[in-house]
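Given the sequences, and given the hints that come with them, work out the whole structure.
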Amino acid sequence: MAVLVIAEHDHKSLKPATLNCVTAALKCGNPVAVLVAGFHCDEAAKAAATVAGVGEVLQADDTAYEHFLAENMGTLVTKLAKNYSHVLSPATSFGKNFMPRAAALLDVAQISDIMSVESADTFTRPIYAGNAIATVQSADAIKCITVRATAFDPAKAVGGNAAIKKIESAGNSSLTKFVSAELSKSERPELTAARIIVSGGRALGSSDEFKKLIEPLADKLHAAIGASRAAVDAGYVPNDYQVGQTGKVVAPDLYIAIGISGAIQHLAGMKDSKVIVAINKDAEAPIFGVADYGLVGDLFQIIPELTKAV
Amino acid sequence: MKILVTVKRVVDFNVKVRVKADQSGVELANVKMSINPFDEIAVEEAVRLKEKGVAKEIVAVTLGPQACQDTLRTAMAMGADRAIHVVTDSELQPLGVAKALQKIVEKEKPDLVIMGKQAIDDDCNQTGQMLAALLGWPQGTFASKLEPGAGAAKVTREIDGGLETIEVKLPAVVTTDLRLNEPRYATLPNIMKAKKKPIEALAPDVLGVDLAPRLKTLKVVEPAKRKGGIKVPDVATLVDKLKNEAKVL
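Chains Y and E are the protein sequences, given in the same order. Note that numbering that gives the first Met the number 0 has the first sequence beginning at 0, numbered continuously upward. Note that numbering that gives the first Met the number 0 has the second sequence beginning at 0, numbered continuously upward.
Wrong hints could be hidden among the right ones.
Each computed DMTMM-like pair below joins lysine to aspartate or glutamate, with the alpha-carbon atoms no more than 25 Å apart [claimed, not checked]:
(1) 240/E to 271/Y
(2) 242/E to 214/Y
(3) 218/E to 271/Y
(4) 242/E to 297/Y
(5) 144/E to 110/E
(6) 240/E to 281/Y
(7) 230/E to 304/Y
(8) 224/E to 117/Y
(9) 240/E to 214/Y
(10) 144/E to 122/E
(11) 307/Y to 244/E
(12) 11/Y to 181/Y
(13) 1/E to 146/E
(14) 280/Y to 239/E
(15) 164/Y to 42/Y
(16) 242/E to 218/Y
No lab work stands behind these hints, which were simulated from the structure alone.
Dropping the structure here:
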């Protein structure tokens, strides 16, 4: 039973979640092929070919895939899927966008955000913001799956030597046109791939304080910066900083939650981190219920001190 | 412009759900139910477009048991003009719902369908994209801004790296993210008025689509509990623990 992974990439390199997705794919079946659909994406295809465990890379190089528009991605994946038992992509804003389109066109269910592969047709996935875990079984001939990257170890980026096969574009729908993107530019590691995350909440009080307190600590730890939904809603940081069930799901080695009370929705996005530190003035805050190390006190005093000490 | 909005009745977002002892699902008896928050945002967006004179009519649609009428009344109290209720007690999954909505859209011929990006019960995040695919329509998912124009709409989307703006030809399906708007509270006079607005009840077989679930839920369990740790007295102890005990620094 051959398995297809739809790679998330930026035309030059693979996004880290693609590697976790390959691991999930290898648990579903063998061989694993990786589709790199992009524009001028030779480098990303080459990167996919060296991933350990990958048997073949399919490269669709066309302007239709430059911005990964769901209509074009959906048509291409639908066309290819018929040769595979499973089609997987990361449960990121990339995979979530086109995979349900492909599933509907194939007349199969999608299994969203899987956390484990129990067998070729049975998977676990979170429901109710991660407050319950469902084990679901699919009877469909093709399983369309999005993968929660943090639940699977990344495949090794090197060691493989797969052949790259160029395939034809499935065309441009012209239903949707890319206009512009405003991407947060940062020298820091990407939130979903960082080893350490420093995350700030509403208690920081303003965008200025967020910057003044969180950034130096993150810089010193070479950490990514995250935020609670409350901090994002209050406009302290852009939306793509949000950690939580409806934002990004992260599992770094160290997660430092600063001034975050720990709403269920936030906990669902970070409770699989290896070590959690909570700093909050409210000793009863729910965040302490999941933290390995809690420090109760005034964050405006503690954070500069911590930044100095690490 | 005519807008169709979809609403789902779900466990209220403030309720801490409990898994049933027999692992067949979560406890729904005597639990407060509400309109799915993302759908509430969808209704609000449609109502604002009507207030701006962009939309002429708003039709709210739901599928589910009789009690879902409440959800439709909520949508109408916010400003939807009328409602369609596909009445069924069977388990519903995104593909079946998308197929049913496809039939309703083909009959109602809206210019725009606005839906929540996901329901907070099954967290699937599929139905909008599936409906768009079945209709052969474009989609603008995870919208934080929606600007309909002549024959096309600009949609700003929340994506992992920031924001992306696309232009979708109309008709289209748009799914809402959290920051698209802040839904209004329905006022008492509007709640009273909504009681007089029409709900068209349909049996699923009228639509002629297969609503049977494709995924079988084998069991539902509680997630692995994370044990709370210790409180440390000061920064020095914290740094020491992180370096020497947890070894993450």
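Hint-by-hint comparison with the structure:
As the CA atoms of residue 240/E and residue 271/Y are separated by approximately 19 Å, the hinted pair is consistent with the 25 Å bound. Only pairs whose Cα atoms come within 25 Å are accepted, and residue 242/E paired with residue 214/Y is accepted, the gap being roughly 21 Å. Taking the CA atoms of residue 218/E and residue 271/Y, the gap is about 21 Å. The hint holds against a cut of 25 Å. Taking the CA atoms of residue 242/E and residue 297/Y, the gap is near 23 Å; set against the 25 Å cutoff, the hint holds.
Between residue 144/E and residue 110/E the alpha-carbon distance is near 17 Å, which keeps this suggested pair within the 25 Å criterion. Distance restraint check for residue 240/E and residue 281/Y: the Cα-Cα separation of roughly 21 Å lies within the 25 Å cut-off, and the hinted pair is therefore satisfied. This hinted pair checks out: residue 230/E and residue 304/Y have alpha carbons roughly 17 Å apart, not beyond 25 Å. With a CA separation close to 20 Å, the supplied pair residue 224/E and residue 117/Y stays within the 25 Å bound.
A C-alpha spacing of about 22 Å is found between residue 240/E and residue 214/Y, which places the hinted pair at or below 25 Å, so the restraint holds. For the given pair, residue 144/E sits about 22 Å from residue 122/E by alpha-carbon distance, which is consistent with the 25 Å threshold. Taking the CA atoms of residue 307/Y and residue 244/E, the gap is near 20 Å; set against the 25 Å cutoff, the hint holds. At roughly 19 Å between alpha-carbon atoms, residue 11/Y and residue 181/Y fall within 25 Å of each other, so this suggested pair holds.
The hinted pair formed by residue 1/E and residue 146/E meets the criterion: a straight-line CA distance of about 15 Å does not exceed 25 Å. With a C-alpha separation of about 21 Å, the suggested pairing of residue 280/Y with residue 239/E holds against the 25 Å cut-off. Simply put, residue 164/Y and residue 42/Y have alpha-carbon atoms about 14 Å apart, close enough for the 25 Å limit, and the pair holds. Of the pairs offered as hints, the one joining residue 242/E and residue 218/Y holds, with about 18 Å between alpha carbons and a cut-off of 25 Å not exceeded.
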